[in-house]
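2 protein chains.
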Amino acid sequence: MAPRRSFWAWGLESEEPTDAQRAVRAEDLSKRYGTSITPIPVPDLADAELRPPRVQVPDALTGFCRTDTWERAFHSHGAHFTDRTNAFNLRFPNPTDVVAHPGTDAELTAVLDWCSSKDVKVVPFGAGSSVVWGVNPPEADAVVTLAMDRFDQVLEIDALSRAARVQAGIYGPALEDRLRPGGFTLRHFPQSFRFSTLGGWIATRSGGHYATNHTHIDDFVESVRMLTPRGWWESRRLPGSGAGPSPDRLVIGSEGVLGVITEAWMRIQRRPTFRATAGIVFPSWAAGTTAVRHIVQAKLWPANCRILDPVEARRAAGLDGTQTLVIVSFESAELSQRHLIGAAVELARAAGGVIADADIAIDDGQGEPTGRGGAVGAWRDAFIGVDLGLDTSLGLVADTFETAITWDRWPEFDAVVRERVGAALSEVFGSTAELSCRFTHVYPDGPAPYYTWFGMGKQGSELSQWAEVKHATAEAVVDAGGTITHHHAVGRMHRPQYDRQRPELFAEALRAVKRTLDPNGILNPGVLIDP
Amino acid sequence: MAPRRSFWAWGLESEEPTDAQRAVRAEDLSKRYGTSITPIPVPDLADAELRPPRVQVPDALTGFCRTDTWERAFHSHGAHFTDRTNAFNLRFPNPTDVVAHPGTDAELTAVLDWCSSKDVKVVPFGAGSSVVWGVNPPEADAVVTLAMDRFDQVLEIDALSRAARVQAGIYGPALEDRLRPGGFTLRHFPQSFRFSTLGGWIATRSGGHYATNHTHIDDFVESVRMLTPRGWWESRRLPGSGAGPSPDRLVIGSEGVLGVITEAWMRIQRRPTFRATAGIVFPSWAAGTTAVRHIVQAKLWPANCRILDPVEARRAAGLDGTQTLVIVSFESAELSQRHLIGAAVELARAAGGVIADADIAIDDGQGEPTGRGGAVGAWRDAFIGVDLGLDTSLGLVADTFETAITWDRWPEFDAVVRERVGAALSEVFGSTAELSCRFTHVYPDGPAPYYTWFGMGKQGSELSQWAEVKHATAEAVVDAGGTITHHHAVGRMHRPQYDRQRPELFAEALRAVKRTLDPNGILNPGVLIDP
Chain Z
1 MAPRRSFWAW GLESEEPTDA QRAVRAEDLS KRYGTSITPI PVPDLADAEL
51 RPPRVQVPDA LTGFCRTDTW ERAFHSHGAH FTDRTNAFNL RFPNPTDVVA
101 HPGTDAELTA VLDWCSSKDV KVVPFGAGSS VVWGVNPPEA DAVVTLAMDR
151 FDQVLEIDAL SRAARVQAGI YGPALEDRLR PGGFTLRHFP QSFRFSTLGG
201 WIATRSGGHY ATNHTHIDDF VESVRMLTPR GWWESRRLPG SGAGPSPDRL
251 VIGSEGVLGV ITEAWMRIQR RPTFRATAGI VFPSWAAGTT AVRHIVQAKL
301 WPANCRILDP VEARRAAGLD GTQTLVIVSF ESAELSQRHL IGAAVELARA
351 AGGVIADADI AIDDGQGEPT GRGGAVGAWR DAFIGVDLGL DTSLGLVADT
401 FETAITWDRW PEFDAVVRER VGAALSEVFG STAELSCRFT HVYPDGPAPY
451 YTWFGMGKQG SELSQWAEVK HATAEAVVDA GGTITHHHAV GRMHRPQYDR
501 QRPELFAEAL RAVKRTLDPN GILNPGVLID P
Chain R
1 MAPRRSFWAW GLESEEPTDA QRAVRAEDLS KRYGTSITPI PVPDLADAEL
51 RPPRVQVPDA LTGFCRTDTW ERAFHSHGAH FTDRTNAFNL RFPNPTDVVA
101 HPGTDAELTA VLDWCSSKDV KVVPFGAGSS VVWGVNPPEA DAVVTLAMDR
151 FDQVLEIDAL SRAARVQAGI YGPALEDRLR PGGFTLRHFP QSFRFSTLGG
201 WIATRSGGHY ATNHTHIDDF VESVRMLTPR GWWESRRLPG SGAGPSPDRL
251 VIGSEGVLGV ITEAWMRIQR RPTFRATAGI VFPSWAAGTT AVRHIVQAKL
301 WPANCRILDP VEARRAAGLD GTQTLVIVSF ESAELSQRHL IGAAVELARA
351 AGGVIADADI AIDDGQGEPT GRGGAVGAWR DAFIGVDLGL DTSLGLVADT
401 FETAITWDRW PEFDAVVRER VGAALSEVFG STAELSCRFT HVYPDGPAPY
451 YTWFGMGKQG SELSQWAEVK HATAEAVVDA GGTITHHHAV GRMHRPQYDR
501 QRPELFAEAL RAVKRTLDPN GILNPGVLID P
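Just so you know, the sequences run in chain order Z and R.
Each residue of the first sequence is one higher than the last, beginning at 1 in the working numbering.
Each residue of the second sequence is one higher than the last, beginning at 1 in the working numbering.
By construction, these hints were calculated from the structure, which means they are not laboratory data.
Misleading hints may appear alongside valid ones.
Remember, identical chains collapse to one label, so a pair may be satisfied in a single copy or spanning two.
To be verified - Using 20 Å as the maximum straight-line C-alpha spacing, the simulated EDC-like pairs for lysine to aspartate or glutamate come out as follows:
(1) Lys299 / Asp408
(2) Lys299 / Glu334
(3) Lys31 / Asp391
(4) Lys118 / Glu346
(5) Lys458 / Glu334
(6) Lys118 / Glu334
(7) Lys458 / Glu27
(8) Lys299 / Asp158
(9) Lys299 / Asp219
(10) Lys118 / Glu139
Values in this document were obtained by computation on a predicted structure and should not be read as measured data.
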């Protein structure tokens, strides 16, 4: 039995911040922000009052369907600030009615058949890391959440083709554990890695480990198997194809509205043994972003190519608050990456970057690595912006937003977003607000900027404060030409901006596809398109 | 005015094989195959009898619509062996009725409106290089072929993002001519490059110059604009996105059944100045394919990574008929490729490949290149398998087929295909038949093999002889697990096998999309899906 997840914090129940830890932290925050925070005690789920289930589970399905409070509460939200703030306050105004845990194709089919016939809505659920309200129950007469956690096996490894057939409900760490003994890895490490699943990654077009070239899970899907209310959809395993529009690309990103992904053949990697890393300091944000552009346009395809703006570079690596930090890393299972890091550093220096030769960290897989990586040596990727629940349980309001934009619009895009979001933050949080940016992924034609913001909220008003800033961020991004999401998905949260962004006829096409595959409209209504 | 294309040969009218050339060649072929070929004279299109147009062009559209014999004959077929054999014999049993050449959005809209209202079928036409009957008129009461040749401009170049806004009807060479002065190139060079268009490449998921990594046009499309009978479909310019299933990926490969692509923002390249090439000889086909697998799985991402089987290596590079030739090339606008070619050669040698250090050709953009490329120095990519019309106008039957398959199935796949296709070839052509293979593109999880075959046909029976072998090739490929096409498209030719290959529910979804965008079903009926 897996250790139980916290229903309100990011982590296991055993890792939840305690009241003692929170008291200390409340004092810190009170001092920092010149306020006085009185921590509400960690909630006890036994005190939660959930609306009784509105639907009766058929006898044949009771063996794998649950209706207890913990199951229903945990599966009624994702991991967004708003989700966890509500959960912390024991607010479950629209809980799912039943949580089904099918373990076989037959059980899964039985759930969809039941729900189709009774007009019960179905929310597919991986590990609940959605930050876009993708798994929150819709308004409906009855909702079943379909937890895929029993579809958790690696079924086959094809070492010659470097591919594996993997069930959709497997969590990131378990997947890596199964691939490791054969010397393989998927190397898909979203921030949510620990508590997210392969099926969720595919359904949401998750962004992964690689900062350049193959950035999304999309590129690693060789074929996919999905159950729709109309039956099975399964594509052929192919390394490449030009036969009509890609069936897989219609599934990837469908966010549970077309079917339930049960397994996929995934392209896997040999575990890297050669590595090279450099943390390069730039005098300004503009100089650093130019260097990153040159590196990605030279098609060196580094595995990591991150840039932290002066705010993040100070926070994460102790730089002086004006400097920008670029981290470039290469990795390979086959070949020394010494030459590639050299080429990247050369381009970075030409753009004004500073790193000593001796600081370039090179691991040729033969004993001691050389160098410390430069400024990156001091950098710990502490999952900046992943709020574990300590601060937000004390009134801090925090969120991130991410997008992608072509280079020709970039500096202006950044200026506009910072101005508009900065204004909203000041308005709502005064001087406690902070806004920063990094690039998580970079393309020859543009970056994928990732913004983090937080401010000290007014206890009890956190959600409305968040909503005001969120509106400003989402509108600014789409007004300025970006995508409403580069890898966090649309869910229910981003619908207003997504509806502005996608071609109207594409939405009509997607609705037509949905009517074909899900004629009763039971699957995840409200996500991506209206029922 | 552009020089006129040949209506039966691959090339311009001025480049057609003459009767004198054909007489000499007929003697050669007669000797080689121990037969006696009497050349039918080059046809005169004035002798063709075309069914009169079955539809009257509205007055408002007559300015850009043509109904003369040359226009209708030329636009009633693609460039496949069967197409050109029919044309050579002046067989146009189902000619298009009208050829429209709209030059503006308004003219294009007017054509679709007219055809929608009168139930006239529409076949979008780029440059007529389809080898899968993608532009042949369907059985219908009336057909308009929509020639996009007046949409031929590069509208905008964004040098910072390395992207260009390009109209769909531009031919390959004209596109490169427009990009060259700015130092750019699309570097999409299918065999059909000279007589194919950007819109055609996107509609058919064309395979391009790059043998690894970004192999299809798909990866270079930043956004696309398409006119459907319901109106415009236009996606936002984005370097990457995770907002729902990709709208572009539904357009890419839609082969004219959903709409008419009018323009796209394309990711372009700086023109390469650094190059490195090696032609490496292997003692066997198996050794060579293993080397190619190691190179692509090491993710060196060479621009070219081709392998010719012993038959092709003998024909193209004069090897001994047992040896296999691997050609690996790297290129860059920014960086010397010396180190990368070194790494690739090292992997190739470890797999049994032979090339002298001095033979590796390296061009560092600073004067004289070094080395001659090894065996590749003798290799001229004479577009093996592109039949220009000389031999096939004399009774030679020739075709190619291409696919992709995962490595775990590869050697067996090749054996099965060669056995089944070889049997069909022997049956039909006896000892005059030849079958060979190369890889045009290679992926970490499998190769894209490209087979070429020909045999001396019986004059007058060429089409039925072709059909017998084609059936064997297509069935063998799909039975053995491959895709019916890696980059030639489905068209009308590959429907039987495509229908077996794609998920049935995907076909239903695609039909639903088509009903949404093209409610009267006027666009390219019979391609990909049934009306």
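Here is what the structure says about each hint:
no.	hint	verdict
1	Lys299 / Asp408	within (18 Å within a copy, 30 Å between copies)
2	Lys299 / Glu334	both (19 Å within a copy, 9 Å between copies)
3	Lys31 / Asp391	within (14 Å within a copy, 88 Å between copies)
4	Lys118 / Glu346	neither (64 Å within a copy, 63 Å between copies)
5	Lys458 / Glu334	neither (54 Å within a copy, 53 Å between copies)
6	Lys118 / Glu334	neither (55 Å within a copy, 62 Å between copies)
7	Lys458 / Glu27	within (16 Å within a copy, 94 Å between copies)
8	Lys299 / Asp158	between (29 Å within a copy, 18 Å between copies)
9	Lys299 / Asp219	both (17 Å within a copy, 14 Å between copies)
10	Lys118 / Glu139	within (16 Å within a copy, 45 Å between copies)
Hint compliance for this structure: hints 4, 5 and 6 are not met, and every other hint is.
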